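Here the protein sequences line up with chains H and Z, keeping their order. The UniProt record's numbering applies: residue 1 is where the first sequence begins, and numbers increase by one. The UniProt record's numbering applies: residue 1 is where the second sequence begins, and numbers increase by one.
Read the hints as simulated data drawn from the structure, not as lab findings. One should not assume that every hint holds.
Each pair may be met inside one copy or between any two copies, as identical chains are not told apart.
[Said to hold, decoys possible] Lysine-lysine pairs mimicking DSS-like chemistry, simulated, CA-CA at most 25 angstroms apart:
| hint | residue 1 | residue 2 |
| --- | --- | --- |
| 1 | K233 | K79 |
| 2 | K233 | K244 |
| 3 | K40 | K118 |
| 4 | K40 | K79 |
| 5 | K66 | K79 |
| 6 | K118 | K79 |
| 7 | K66 | K118 |
| 8 | K40 | K244 |
| 9 | K233 | K118 |
| 10 | K66 | K244 |
| 11 | K40 | K66 |
Here the structure is a predicted model, which is why all the values come from computation and not from measurement.
Protein chains: 2
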Amino acid sequence: MRFMTTSDKPEPAAETADAAAHTGVAAQDWATAATDPQYKAAVVDLLGALAYGELAAFERLAEDAKLAPTLEDKAELAKMASAEFHHFERLRDRLTEIGEEPTAAMEPFVAALDGFHKQTAPSDWLEGLVKAYVGDSIASDFYREVAARLDADTRSLVLAVLDDTGHAGFAVERVRAAIDADPRVGGRLALWARRLMGEALSQSQRVVAERDALSTMLVGGVADGFDLAEVGKMFSRITEAHTKRMAALGLAA
Amino acid sequence: MRFMTTSDKPEPAAETADAAAHTGVAAQDWATAATDPQYKAAVVDLLGALAYGELAAFERLAEDAKLAPTLEDKAELAKMASAEFHHFERLRDRLTEIGEEPTAAMEPFVAALDGFHKQTAPSDWLEGLVKAYVGDSIASDFYREVAARLDADTRSLVLAVLDDTGHAGFAVERVRAAIDADPRVGGRLALWARRLMGEALSQSQRVVAERDALSTMLVGGVADGFDLAEVGKMFSRITEAHTKRMAALGLAA
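Given the sequences, and given the hints that come with them, work out the whole structure.
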């Protein structure tokens with residue numbers, strides 16, 4: 001999902017997580033881990049949030065396709081949108097498989113995700129590309145961090161869904177070319193990227209504040225959850241990765 | 001693509017066409033048929049129109065997904081949109097395969113298709129469903145009629161792309177339920193369906209007037225093309241099928 005061309009590639013959080021030996025819940029399969037109702041509720045939250053995130057991403061990318069300057073660009077965005085839809089299908093099917101009603105699982109996250117997209121409607125093609133890139137990257141970093149704490153079955157689904165997009169290269173290439181052609185574009189897009197990051201953090205806080213099971217898992221209440229210090233560190237890692245990505249894109253974060 | 005529940009199912013044009021023995025171009029493969037430059041130009045036009053039609057359908061369905069009253073409905077429309085995108089991919093890849101630039105092949109049809117969608121932006125969820133159903137059905141009828149006149153390779157691609165959608169059932173079910181719940185909805189939607197048909201015909205005429213190779217094929221200038229009387233009959237068959245579909249839906253056409 002990420003695309004780096006500089007040699008100072010940040011340590012991907014996922015690699016760090018994968019390298020760590022899996023203990024506790026992370027060493028279990030779903031059937032075992034799900035016997036803890038609080039863990040199960042947290043995973044349903046996570047899958048619901050991710051599923052609606054993919055559906056909302058589908059809509060956002062399809063909408064942005066209208067801003068495309070050429071038919072090739074339009075087709076490229078439509079392709080991304082279609083890929084997000086297939087991720088949505090996998091997550092929805094998994095929710096059904098574990099006996100949950102997908103709509104009920106997604107519903108709690110509709111307001112936050114719709115809120116994010118409403119607050120950050122791109123005003124042109126380049127803003128749309130930066131948003132697709134930044135949004136995907138931050139979401140990907142976050143879910144990879146969380147994935148390391150999940151049972152083996154849920155983890156492999158979450159990683160699979162995050163893995164096979166590889167669309168960021170397209171966004172990066174187009175944005176770099178636009179900045180090369182007119183350096184002033186860089187300043188405007190840097191500002192835009194900061195706004196996206198701010199809005200993403202504010203909506204995340206809203207979700208964490210509202211969803212007990214999810215936040216309990218994040219701060220260590222359930223099995224191998226993070227402790228508070230570790231959550232702080234996780235947010236630093238995500239912010240740092242964002243800053244490096246923006247620099248690689250030619251934008252000051 | 002079509003969904004009929006009444007016993008007075010109209011004779012699908014495709015069956016009629018398939019039953020006819022293939023002669024002339026229709027009995028040839030692409031390599032043989034394409035040695036006629038006028039035939040080749042007509043097929044490139046056809047694939048370009050169909051490809052952009054699918055891409056435009058993707059955008060329209062993704063846009064209509066926003067009007068969905070529930071998350072399930074939204075997901076259903078997103079699924080249709082994604083299927084249209086995959087059809088687009090097949091057509092685009094075929095254009096590349098026969099040595100054509102897909103964008104150049106699509107370009108001549110952008111204005112007519114964008115014009116159609118602009119003139120028929122649905123104002124609510126039900127109008128969107130009726131449009132998806134009517135638009136798909138008419139396009140499908142038209143391409144099936146034309147397919148019978150194409151070389152075997154092009155014919156099988158066109159039929160494959162038209163065949164595996166099967167989404168109409170969803171639209172029909174939702175529209176029928178809405179009319180059952182409030183019969184006045186039927187009057188409004190019948191009017192809407194008439195407007196869609198009128199706009200589709202007017203944009204088709206625009207395309208036929210502008211694209212020589214395509215219209216020459218349709219009116220018999222190339223190989224097994226239709227003669228003018230047959231074009232007239234084709235339009236009657238399509239209109240008749242439309243009328244029967246609307247009746248099946250509970251709408252007076």
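Check each numbered hint from earlier against the structure, then list the numbers of those it violates in ascending order.
Violated: hints 1, 3, 4, 8, 9, 10, 11.
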